[in-house]
Amino acid sequence: MIKLTINNKSYEVDASPDMPLLWAIRDMVGLTGTKFGCGMAQCGACTVHVDGTPVRSCSFPVAAAAGKKITTIEGLSEKVGEAVQKAWIELQVPQCGYCQSGQIMSATALLKSKPHPTDADIDAAMQGNLCRCGTYQRVRSAIHRASELIK
Amino acid sequence: MNTSLPNLDRRNFLRISGITGVGLVFGLSANGETAVEELAAAGETFEITPFVIIEKTGQITIFNTRPEIGQGTFQSVPAMIAEELEVSLEQVTIKQTGGEKKFGGGQSAGGSASIRTGYQNMRKVGASAREMLIKAASQQWNVPVTECYAENAKVFHKPTGKSMGYGELAETAAKVEVPKSPTLKDPKDFKILGKKSPRPDVPLKTNGKAIFGIDITVPGMVYASIERCPKFGGQLVSFDATAAKKVKGVIAVETCERNISGQKNEGVAVIAENYWAALQGRKALVVKWDYQGNENFNSKAYEQSLRDAAKEPGAVQHTQGDFDKTFAEASVKLEAFYETPVVSHSPIEPMNCVASWYDGNKVEIWTSTQVPGSIMNEIPRTFNVPAENVKVNVTFNGGGFGRRLYPDYVMETVQLTKKVGRPVKAIWTREDDTKMGPFRPMTYSAMKGALTPDGKAIAFQHKVISPTLGGKKDYDKTKADGTMTEGISEQKYEIEHMKNLYVHHYLHVPVVAWRSVTSSTLAFAHECFIDEMAVKAKKDPMAFRLGMLTKESDTKTILQKLKEVSHWDKPLPAGWGRGVAHYEFFAGQAGYVVEVSKKGAGIKIEKVFAVIDLGTVVNPDTVEAQVQGAAVMALTAAIKSGITFEKGETVQSNFHNNQLVRINEMPKVEVHILANGGPKIKGVGEPGLPPFAPALCNAIYAATGKRIRRLPFDINKIV
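Residue numbers (this note's numbering), protein chains in the order written: chain Y, 1102 to 1252; chain C, 557 to 1275.
Check the hints yourself; a few may be wrong.
Said to hold, decoys possible - Sample of chain Y residues with no beta-carbon within 12 angstroms of chain C, all distances over it, derived: (1) 1102; (2) 1104; (3) 1106; (4) 1111; (5) 1138; (6) 1140; (7) 1165; (8) 1169; (9) 1170; (10) 1180; (11) 1187; (12) 1213; (13) 1217; (14) 1236.
What the hints assert, rightly or not - Each pair of labels, with its calculated beta carbon distance range: (15) C:651 to Y:1242: 44 to 52 angstroms; (16) Y:1153 to C:740: 51 to 59 angstroms; (17) C:1262 to Y:1242: 28 to 36 angstroms; (18) C:775 to Y:1104: 49 to 57 angstroms; (19) Y:1151 to C:1155: 20 to 28 angstroms; (20) C:1112 to Y:1131: 54 to 62 angstroms; (21) Y:1153 to C:1120: 43 to 51 angstroms.
Said to hold, decoys possible - No farther apart than 27 angstroms at their CA atoms in a straight line, the calculated lysine-lysine pairs in the DSSO-like style are these: (22) Y:1170 to C:1095; (23) C:856 to C:867; (24) Y:1180 to C:765; (25) C:765 to Y:1104; (26) C:918 to C:1004; (27) C:820 to C:804.
No wet-lab data here; the hints were simulated from the structure.
For clarity, every value in this text was computed on a predicted model and none was experimentally measured.
Ideal placement from N, C-alpha and C gives every residue a C-beta, glycine not left out.
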């Protein structure tokens, strides 16, 4: 059994230690907001925060997350995360929406470390998150908008 | 978008169901049960039968027959009903239909069809319901109908100001005869349509609560991962599951058949208590395949065979005037050959399906799909179960782009649940999704054009060389395939002599429709070659095009608008260039002006101006997003690797080598919408795609003098 703390709640999962954190979160804990897209940290749909740092949970062994503070899209509740979600709704960013949990988790981590990011900061922080619908223009605008909201 | 899937056509549906016109249902919640009363009225033929349910409590449910794949139908389709029903979308619950017969044909998301084919009928349904509610109120109050009006989910009596809510009126309204020709609102009174409106699915897509097919869990469910022959056309010989079954969590190994693009191929599924275990079990499988002679197939040789096939005369797709004579005798003429790649759909949600076979002959499906109607038709036929025993639950789609028009992944899962007797969730890995296809095919284009000495276009030929969608091995080469020549004879340029041709060339790799179908490749050849003709004529590309458009047309309007918004005649900085392109095809029509600058050995996209002509717009905000997204998808198809084949299989396997455009590569796209009315309503999801690549390549020519005739190209190595 591996002990996980997800969104401030404790869980015990019967997973092999090398199982990616993603599948523990989705199939064992039952939080499905974190998405499977590629399985090799190329698309960012599975992005969660581990001790505040964005990680690609599809390529992060569940054993390495034991004892750490894991935050998923469902647990995004503090000021920055809420500002990001608000900006996302205001600018109607999602299309199909599948990649957006990951986009929002990456954007939140960016704004926590850089509350007023430049376009270059956004490029650097968001390059790991693919969006096949092509919402990038609105993702960029929404990050700038969220930055205003948290002032 | 054409789908090769069999679909119950409308006439057939009407005959079977006995419904002859606009159907409207009021369901009344009585004693805790939802009683649905079906009413039918004679009316003009319709494509889809939407439903409105009003409960006594006032709860209003509107059914959306068009799967939400990111194109916004979860808002735009119910909005057309809600507008006429005089309710706001905040007041209604929207439910997705699952191919149920009572909702009729057209339960699909494809062909940019939801608005352009549904605009009148959806509004009529809402208007019928409104008129019935008004009539019910007039009966209860015993006043003339003309003294009553509906607003904000209530009916008001003008002289007295009294009102009744829709909930209170529903029971009486359901007994009112359905109006044969309800009066539609004057567009100037619209509260929702034509205005920027928030989409009700957006909040759910920011907090993790939106449910996609891959998120479904049902009791007793097990997980499957399927090993398929890595080489296209290969067949299963035998397999050894001994090691796979030893993996912790694996419970069964079963075969299942994939049916795609006219081919049936067996694969081996590992079924386990969780998905990770299924994946580990799959790695432990030992499978023997018979490659059926396809093991040496490769892109290079196939591409050369397409070039060779271009020498065939081809079947005539369209002819006007005397192209051959005019071209032969012309003093100014040019020829060029254009090539495009195979590309993947790659929605970020991989293919997946949950299926449950129960009680001997009942099937329930939960899946992301563009075609619940087709699934509903195909399962009874394939599995010999009564149609009424099949239920399809459609979730939000994590992208479609045409891939989810093909339910091969659903039919595999049904076979597996039937074999193991438990609900099965089958999930494709990204590698499965990338390597197995189906893909958008390439098209190659042999172009010919002739001009008068003073630069007037007098002859034009577009000859398409390609496989067909759905893989037709016994294709009759005397015929020109309509889909593979989409739009090439529909452009409005007034060129007197034209002869367009088609050469079929077989490909055994599954190829299907992709967002904007064949226009996605043909527009590149067509509009770049028009640019080549402009250069040969020594004319400005915009002026050259407008010079061939003396008659009024939407094409002319689009180009004039592009000229205006892009300040076409304003000089650009040194090292910059601008290009224009547009394309008209079945889904609609759009155009671009792209501005680029030289950046080292490559180019940088500086500005993108888009004009889309819709005639009528439902949600301008969604349209803007769709065009921006189409530009990104077109850019990926133009500058990233695409899909190639070696040794019989796909070279690319995941997003590291089948790359998509990322945020740092996204140009700013300024979208202008033409919605000046008119009888024709045009599509939104696809038209923004085809003209992007030719506008970009025409801009690159203007900036660098380098003519790009083959996609993909490396944007960082132009000169």
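Right, here's what the structure says about each hint:
1. No Cβ of chain C comes within 12 angstroms of the Cβ of residue 1102 of chain Y; the nearest lies about 14 angstroms off, and the non-interface call holds.
2. Under the 12 angstroms C-beta cut-off, the non-interface status given to residue 1104 of chain Y relative to chain C holds; the minimum distance is some 18 angstroms.
3. No beta-carbon of chain C comes within 12 angstroms of the beta-carbon of residue 1106 of chain Y; the shortest separation is about 18 angstroms.
4. Every C-beta of chain C lies more than 12 angstroms from that of residue 1111 of chain Y, the closest at about 20 angstroms, which supports listing it as non-interface.
5. The beta carbon of residue 1138 of chain Y sits about 5 angstroms from the closest Cβ of chain C, which is not more than 12 angstroms, so the claim that it is off the interface is violated.
6. Non-interface status of residue 1140 of chain Y relative to chain C is broken: a Cβ of that chain comes within 12 angstroms, the nearest being about 6 angstroms off.
7. Annotated as non-interface, residue 1165 of chain Y keeps its C-beta farther than 12 angstroms from every C-beta of chain C; the closest such distance is 15 angstroms.
8. At roughly 20 angstroms, the least C-beta separation between residue 1169 of chain Y and chain C is larger than 12 angstroms, which holds for a residue marked as non-interface.
9. Consistency note on residue 1170 of chain Y: stated as away from chain C, and its beta-carbon is indeed over 12 angstroms from all of that chain's, at 18 angstroms minimum.
10. Annotated as non-interface, residue 1180 of chain Y keeps its C-beta farther than 12 angstroms from every C-beta of chain C; the closest such distance is 16 angstroms.
11. Distance to chain C contradicts residue 1187 of chain Y as a non-interface residue, since its nearest Cβ pair spans about 9 angstroms, not more than 12 angstroms.
12. Non-interface call for residue 1213 of chain Y relative to chain C: holds, since the shortest CB-CB distance, roughly 17 angstroms, exceeds 12 angstroms.
13. Chain C leaves residue 1217 of chain Y outside its interface by the beta-carbon criterion, the shortest separation being 18 angstroms against a cut-off of 12 angstroms.
14. Taking the minimum C-beta to C-beta distance to chain C, about 7 angstroms, the non-interface status of residue 1236 of chain Y is violated against the 12 angstroms cut.
15. Our hint of 44 to 52 angstroms for residue 651 of chain C and residue 1242 of chain Y is violated, since their Cβ atoms are close to 32 angstroms apart.
16. Between residue 1153 of chain Y and residue 740 of chain C the CB atoms are about 55 angstroms apart, so this pair conforms to the stated range of 51 to 59 angstroms.
17. For residue 1262 of chain C and residue 1242 of chain Y, the Cβ-Cβ distance of about 33 angstroms falls inside the hinted range of 28 to 36 angstroms, so the restraint holds.
18. A hinted range of 49 to 57 angstroms is violated for the C-beta pair residue 775 of chain C and residue 1104 of chain Y, which are about 26 angstroms apart.
19. Range check, residue 1151 of chain Y to residue 1155 of chain C: Cβ separation about 38 angstroms, and the 20 to 28 angstroms hint is violated.
20. At roughly 57 angstroms, the beta carbons of residue 1112 of chain C and residue 1131 of chain Y sit within the given window of 54 to 62 angstroms.
21. A C-beta distance of roughly 50 angstroms is found between residue 1153 of chain Y and residue 1120 of chain C, which places it inside the suggested range of 43 to 51 angstroms.
22. Straight-line distance between C-alpha atoms of residue 1170 of chain Y and residue 1095 of chain C comes to about 65 angstroms, which puts the hinted pair past the 27 angstroms bound.
23. Only pairs whose Cα atoms come within 27 angstroms are accepted, and residue 856 of chain C paired with residue 867 of chain C is accepted, the gap being roughly 18 angstroms.
24. Restraint check for residue 1180 of chain Y and residue 765 of chain C: the C-alpha separation of about 20 angstroms stays at or below 27 angstroms, so the hint holds.
25. For a cut-off of 27 angstroms, the pair hint linking residue 765 of chain C to residue 1104 of chain Y stands: about 25 angstroms separates their Cα positions.
26. Restraint check for residue 918 of chain C and residue 1004 of chain C: the C-alpha separation of about 57 angstroms exceeds 27 angstroms, so the hint is violated.
27. About 31 angstroms separates the Cα atoms of residue 820 of chain C and residue 804 of chain C, which puts this hinted pair outside 27 angstroms; it is violated.
In the structure shown, a violation is registered for the earlier hints numbered 5, 6, 11, 14, 15, 18, 19, 22, 26, 27, in ascending order.
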